[in-house]
Amino acid sequence: MSVTSWFLVSSSGTRHRLPREMIFVGREDCELMLQSRSVDKQHAVINYDASADEHLVKDLGSLNGTFVNDLRIPDQTYITLNLSDVIRFGYDILPQTQNRIKQAYASGVV
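If you're matching positions, the sequence shown starts at 1 in the UniProt record's numbering and goes up one per residue.
Since the hints were derived computationally from the structure, they do not count as laboratory data. One thing to keep in mind: the hints can contain errors.
Straight-line distance between alpha carbons at most 25 Å, and here's what the computed DMTMM-like set of lysine to aspartate or glutamate pairs gives [said to hold, decoys possible]:
id	residue 1	residue 2
1	Lys58	Glu31
2	Lys58	Asp29
3	Lys41	Glu21
4	Lys41	Asp29
5	Lys41	Glu28
6	Lys41	Asp85
7	Lys58	Glu28
8	Lys41	Asp70
Could you build all of it, start to finish, from the sequences and the hints given here?
Have a look at this one:
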C-alpha cells in the first residue's frame, strides 16, 4: 500500500511533516510556531482533505498576509497546495516550500 506524506521544507532544508489533520500556524500556541513579528499569534491554518489527499491553506485575517507563490491569498478562503508551492507567512520570514513525498509502507500504517 502506498501512502503519501506531505512536508513543509524551509529554505535551510528543515522538514516539517504535515499531519493528516488541521494545524494552526502562528507565533503562539500553534502546531507550527514561527518566530517573526510579521506573523500573527494565530496567522493561518493548514487543513487536510482526505478525499482528495491534499492540503489546503487559509489565512485567518492576519495583518501581513499569507502568500502562495508570491500571491497574497484572500482572508478566510482555502487555497489548495500543489507540489513545490512556495508558502510565506507574513513578510520577513524565509519561504516554506511544500514537497510531496510518496512513501510505501508494507503495513499500511502511517
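Do the hints match the structure? See the list:
1. The suggested pairing of lysine 58 with glutamate 31 holds, with an alpha-carbon distance near 15 Å, which does not exceed 25 Å.
2. Between lysine 58 and aspartate 29 the alpha-carbon distance is near 18 Å, which keeps this suggested pair within the 25 Å criterion.
3. Restraint check: the Cα-Cα separation between lysine 41 and glutamate 21 comes to about 20 Å, which is no more than 25 Å; the hinted pair holds.
4. The straight-line distance between the Cα atoms of lysine 41 and aspartate 29 is roughly 8 Å, inside the 25 Å bound, and the hint therefore holds.
5. Proposed proximity of lysine 41 and glutamate 28 is supported: the alpha carbons are some 5 Å apart, at most 25 Å.
6. A threshold of 25 Å between alpha carbons decides the hint, and for lysine 41 with aspartate 85 the separation of about 23 Å falls inside it, so the pair holds.
7. For the hint linking lysine 58 to glutamate 28, the alpha-carbon distance of about 17 Å falls within 25 Å, and the restraint holds.
8. For the hint pairing lysine 41 with aspartate 70, the CA-to-CA distance comes to about 22 Å; that is within 25 Å, so the pair holds.
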